[in-house]
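The lines below spell out each chain.
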Amino acid sequence: MSEGSAEGGAAKSRRKHGMLKMYYGLDDQQEKPANMNPTDINGAYFNPEVYLTMIMKEKRLNDLIDKEAEMVKQIRSLDSDMQTLVYENYNKFISATDTIRKMKTDFKKMEEEMDRLATNMDTIADFSEKISSTLQERRAQITKLSGVHSLLKKLQFLFELPARLNKCISMKAYSQAVRYYSKARVVLLQYQHMPSFHGIHRDCNEIVNELRLKLREQFGNKESDAKQLAECVDLLLQLKEPPDELCDEFLSHARRKLDESLREMSSHVKTGRERTASSPEEDEDGNHGNKEHESERPAEKIMRSLPMDILEFVDSSCNGFLESICLVIASYKELFVNRQAGDSQEEEELEQVAHAKLGQFVDSRMQQYFTCIQDRIQAEKSSVENSLLVRALDRFFRRLQAVHRLLPDLKILQRGADIVAAAAKERAQYYGDGLKKHFAECITDIRQTLCAPRMVGKQSAPNLAELVNVTSSSVIDQVKLVLTSLKSFLGQDITFAQTLFFATKYPTKTVREGLLVDFLRHIFQTCTNLCEGGGEKGSAPHTLILILSRLLVDFETTHIIQLLGTCNAQFLIEDSRGLTQTSTLCLEAKDAAQLLLNHYVQAQGLQISQMLRKSVDTRDWLNTIEPRNVRAVMKRVVEDITAIDSNVGSLYEEGTRKAHSSDSSKKTFQSFSVSRQQRTQRSYTPSTTFDTSLMSNIQKLFSERIEIFSSVEFSKVSVVTGIIKISLKTFLECVRLRTFGRYGLQQIQVDTHYLNLYLWRFVSDEKLVHFLLDEIVGSAVHRCLDATLMESSIVEVICERG
Amino acid sequence: MDDEAPVIYGLEFQARSLTAQVAETDAIRFLVGTQSLKYDNQVHVLDFDEDNNALNKTVFFHKDGEIWHIGSSPGDKDVLSTCFNKIVDNKLQGQAAIWRLPSDDEDPDIQDVGLHDDASSNAKNLEVLCRLDNSDAGNIMSVLWEPQGDGNRILSLTDNKFLVWDLEASGSRARMTSSATLEGKGHPKFTSLRWNPHHNNSQVASANDTTIRGWDLRSMEQTYMIENAHGQLVRDLDFNPNKQYYMASCGDDCSVKFWDVRNTEWPVMVQNDHSHWVWSVRYNQFHDQLVLSSSSDSRVILTNAASISSEPFGHMDEDDDDEEEDDDIMDNEEKNRSKEAMKDGVIATYEEHEDSVYAAEWSAADPWLFASLSYDGRLVINRVPRAEKYKILL
Chain A
1 MSEGSAEGGA
11 AKSRRKHGML
21 KMYYGLDDQQ
31 EKPANMNPTD
41 INGAYFNPEV
51 YLTMIMKEKR
61 LNDLIDKEAE
71 MVKQIRSLDS
81 DMQTLVYENY
91 NKFISATDTI
101 RKMKTDFKKM
111 EEEMDRLATN
121 MDTIADFSEK
131 ISSTLQERRA
141 QITKLSGVHS
151 LLKKLQFLFE
161 LPARLNKCIS
171 MKAYSQAVRY
181 YSKARVVLLQ
191 YQHMPSFHGI
201 HRDCNEIVNE
211 LRLKLREQFG
221 NKESDAKQLA
231 ECVDLLLQLK
241 EPPDELCDEF
251 LSHARRKLDE
261 SLREMSSHVK
271 TGRERTASSP
281 EEDEDGNHGN
291 KEHESERPAE
301 KIMRSLPMDI
311 LEFVDSSCNG
321 FLESICLVIA
331 SYKELFVNRQ
341 AGDSQEEEEL
351 EQVAHAKLGQ
361 FVDSRMQQYF
371 TCIQDRIQAE
381 KSSVENSLLV
391 RALDRFFRRL
401 QAVHRLLPDL
411 KILQRGADIV
421 AAAAKERAQY
431 YGDGLKKHFA
441 ECITDIRQTL
451 CAPRMVGKQS
461 APNLAELVNV
471 TSSSVIDQVK
481 LVLTSLKSFL
491 GQDITFAQTL
501 FFATKYPTKT
511 VREGLLVDFL
521 RHIFQTCTNL
531 CEGGGEKGSA
541 PHTLILILSR
551 LLVDFETTHI
561 IQLLGTCNAQ
571 FLIEDSRGLT
581 QTSTLCLEAK
591 DAAQLLLNHY
601 VQAQGLQISQ
611 MLRKSVDTRD
621 WLNTIEPRNV
631 RAVMKRVVED
641 ITAIDSNVGS
651 LYEEGTRKAH
661 SSDSSKKTFQ
671 SFSVSRQQRT
681 QRSYTPSTTF
691 DTSLMSNIQK
701 LFSERIEIFS
711 SVEFSKVSVV
721 TGIIKISLKT
731 FLECVRLRTF
741 GRYGLQQIQV
751 DTHYLNLYLW
761 RFVSDEKLVH
771 FLLDEIVGSA
781 VHRCLDATLM
791 ESSIVEVICE
801 RG
Chain U
1001 MDDEAPVIYG
1011 LEFQARSLTA
1021 QVAETDAIRF
1031 LVGTQSLKYD
1041 NQVHVLDFDE
1051 DNNALNKTVF
1061 FHKDGEIWHI
1071 GSSPGDKDVL
1081 STCFNKIVDN
1091 KLQGQAAIWR
1101 LPSDDEDPDI
1111 QDVGLHDDAS
1121 SNAKNLEVLC
1131 RLDNSDAGNI
1141 MSVLWEPQGD
1151 GNRILSLTDN
1161 KFLVWDLEAS
1171 GSRARMTSSA
1181 TLEGKGHPKF
1191 TSLRWNPHHN
1201 NSQVASANDT
1211 TIRGWDLRSM
1221 EQTYMIENAH
1231 GQLVRDLDFN
1241 PNKQYYMASC
1251 GDDCSVKFWD
1261 VRNTEWPVMV
1271 QNDHSHWVWS
1281 VRYNQFHDQL
1291 VLSSSSDSRV
1301 ILTNAASISS
1311 EPFGHMDEDD
1321 DDEEEDDDIM
1331 DNEEKNRSKE
1341 AMKDGVIATY
1351 EEHEDSVYAA
1361 EWSAADPWLF
1371 ASLSYDGRLV
1381 INRVPRAEKY
1391 KILL
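Residue numbers (the working numbering), protein chains in the order written: chain A, 1 to 802; chain U, 1001 to 1394.
Incorrect hints may have been included.
Stated by the list, open to error - Using 27 Å as the maximum straight-line C-alpha spacing, the simulated DSS-like pairs for lysine-lysine come out as follows:
1. A/K183 to A/K172
2. A/K102 to A/K92
3. U/K1057 to U/K1077
4. A/K130 to A/K144
5. A/K154 to A/K183
6. A/K614 to U/K1161
7. A/K214 to A/K333
8. A/K436 to A/K333
9. A/K614 to U/K1077
10. A/K509 to A/K425
11. U/K1161 to U/K1185
12. A/K614 to U/K1086
13. U/K1185 to A/K614
14. A/K437 to A/K487
15. A/K614 to U/K1091
Bear in mind the hints are in silico, worked out from the structure with no lab data behind them.
Start from the sequences, fold in the hints, and give me the full structure.
Take a look at the structure:
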């Protein structure tokens, strides 16, 4: 039974719960699976039949009996619990009914008393009405009287006003006076048609005018400090003085002060400049003019006699000028611009005008200041102390930020940054010039080293390779030094390093392109310029050209890459697009080196050519004696070429030769010369009608065209070959212009044989020498009236003898 | 196509001297003088047959000696001058003579035979008109005819002098009228002399060592001097025939330089295209932007010097006119290309020679044709490339 009622209750309460849940929008879906178990005897969805069948199915008989016993026990305990609960609640209910009954009797008493209170209140109201009606007439009179009283008080204030104002002015309580006046002003204006008020008004105006004058005076006074000024301006504004006039006056007052400090600065700059022209007296003279200012800081006076460095200068200028301009701007803004009291458009317009005026003023002052600073920096251009400059610029820039914050729309910071950038650029330029100068000095050094031993008369040539190394390392060291000092512009603690210019353009445009690349190009240019005007006297010595060409080769192979690498690393250049590429520079270096080397070859070739030409041109080849020995000029030629060979060899690699001449032993050399001699004999002795020209033509068919003034390679053999080619070709052309007698021809024969003995070892392809010498002999044979060649053995003997 | 191919002609002897037959304006003719110490020297008259692209030669003997220089009269096409070496008393003497080509009217048949058979055996001797008496003047190096003259005035150049001669009686008598001497320390020697075709032929320019000098023939005084015109010896000079004051020079520094003689400080243009000495430089008589230079690197180079020629921008003006009328894009493009190509510089390098080329000359009759002569006796006739020709003409 109890189970059944419990079930019904459960179902009811469940429905209620459901409705409540629905109302509150709670979702009971989730709970369902947990409580849906119909076998849970304590659950909401308990189904006794299911439970029963389940138990009967699942449990064994013993278990069932146990379960039944347990259940009966539980039911009993529940029954007794219920009974105690009903009993307790019944007691409480009975006591509650007793209390309600008691309350009913108490309330009746209270109602009666409330009625009494209402009647009393009615009578009080009646009385008060009566009293107020009797007092009505008197009250109007009192109000009137108090009004008259206050009017009289005001009138008295007005009549007393002039006296008060005078008193205030005499007490210098200007602000009090102004306050009084501004209070009375409206009334006086309104009633000025009445004679009595008119008088007061007039008096007041006079006094106030006096006050104005006084204020102005104070305003215009140099000595008055900013606070006083501010007060003055404030009062004057209250007195309806035209504000823009005041602005002007205020600014002109400020200008006087600023101009003074500007003058001081420019005098510094001037003396700084004169200082470089060295005259300390003048420096002192410059000081006298500024004594007033100096008086504040006597310590500086002593300093001033010493030349002021840029850091100090910037420091003092910042302290003096920038500080006062900041003060001016701040107080001005407070006075004219940021006046909250203002109402409506008029005030706003005024504000704008005032602001514009301030802008203009500050702009012009700052302009002067900047020129001053620029001048000073210019003067600093040639000093070597870089870190000092950087620090000075940093300080300058830092201080400008204060001004910038006060007036952001003037772009002061921008202009300051421009100045700093210009200074940095100039610095880079200066260093670049320094580098160029240094390079020029290097060249002069080389020249002197080259000349020196010759003057002493020593035979041993200076060590060329060492010269190259010394020069290049000195140039590179210098460049690195410069890069390091320029790096200081980008220091971590430097404020302006973050500006756009220093972040982007400075490392690339200024340092890398403007300085380094420009310097490298300058080197190339200087070197190539040395080649120009070749052949003339006073041009660069040939050895210098040779050394420089080697220097440029070194640059091409290592130094350029190294320097650019250092630069990129130091200035953190990562993106090299749009910049001059290393390869381009290397190529330029190589071109320049090639140019120099070619020039060297041509110049040396020319020198030897001249000797040969003179020797051919000045001789009467028709009437010479039989050759006894090799002409001296040929020995000289061989000597010179040997010297050139050793010079070039000390700087350049050997280079490649055609294979068959690698053996330089005397033996092979001799046997070769013999065989060659035989060949020559063979080709010239049977002098039939057209043999010679035919022979040479056939030879030409098989030999390649010889480029005489052609480009050479960077190797010793190639260089010397070039020189020999030029010399021999000259020899050939000269021979062709002459006419020979028999002995003339034989002399040429001896000479060429001698050359052949000594020149082959210098060249890359000895065939070339043979070919050119054959041509010479061939041409001489052509130009000979009596073409009889000498016995080759005799030729050899003569040549052996030297 | 064939037009562009060079025509090559070989002489038996070595040769240095070449000239165009100046007075002949119809046929393309060149005169070449040979140099041989052992055999009789010859003067070859080469007639270029444009239709067959072949050379017809006529050979005349010049028995006086090897020819160093040859010139032809502007007044009479049959008159020529040669300078030659003669050995007198075992000494060389440079002499000069005026010659007349024997007329071939008498026996044209024999002439024809002579052309095709062994020419040297049938050749005629040159007829001597007169010899320049140089007893005191020294070796004559070259003889120059007055340009565009009637063939009555010549200049002869010796080591340190040049003489002006008047030819009388149609060239049979030569009278020396004036002379100028080069003086200076170290016995300077002339290397070259050139007649200025402007100013009524009253000026010449000479070269010695690295210096170029201008002379006035009326006073025989030096007028201007370009010192160190070339790094080394100056080999040859030529005046711009159409633009006065402009001159070209060449020398051993492998360069051809162009000068405005009013400003001798700097050359107006330098071309450095040869790889050895430049022996001759010649302006084209009609289109002076074309300059021919020959060198002992055995090359002949045709250079465009349009920017300093007498018609530097003529084409542009015409182009502008055309463009206004003609809107055809293709046409414009072509013109732009041609304008671009009108830059100064090498037009063509001719490499037919295998020995030093000592002389190159323009034809007097055909402005687009020139001959060059190398030491081994090879004469090559070439033309200005057709593209270049059209650029100049159109």
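Results of checking the hints against the structure:
1. A/K183 to A/K172: With Cα atoms ~19 Å apart, A/K183 and A/K172 stay inside 27 Å; holds.
2. A/K102 to A/K92: 16 Å, holds
3. U/K1057 to U/K1077: The given pair, whose Cα atoms are some 16 Å apart, holds under the 27 Å limit.
4. A/K130 to A/K144: Roughly 24 Å between the alpha carbons, so the hint for A/K130 and A/K144 holds.
5. A/K154 to A/K183: Answer holds: A/K154 to A/K183 is near 11 Å, not above 27 Å.
6. A/K614 to U/K1161: 21 Å, holds
7. A/K214 to A/K333: 23 Å, holds
8. A/K436 to A/K333: 52 Å, violated
9. A/K614 to U/K1077: Roughly 40 Å separates the two Cα atoms, so the pair is violated.
10. A/K509 to A/K425: The given pair, whose Cα atoms are some 10 Å apart, holds under the 27 Å limit.
11. U/K1161 to U/K1185: 15 Å, holds
12. A/K614 to U/K1086: With a Cα-Cα distance of about 23 Å, the restraint between A/K614 and U/K1086 holds, given a limit of 27 Å.
13. U/K1185 to A/K614: Holds - the C-alpha atoms of A/K614 and U/K1185 are around 16 Å apart, at most 27 Å.
14. A/K437 to A/K487: With Cα atoms ~21 Å apart, A/K437 and A/K487 stay inside 27 Å; holds.
15. A/K614 to U/K1091: 20 Å, holds
Of the numbered hints stated above, those contradicted by the structure are hints 8, 9, listed in ascending order.
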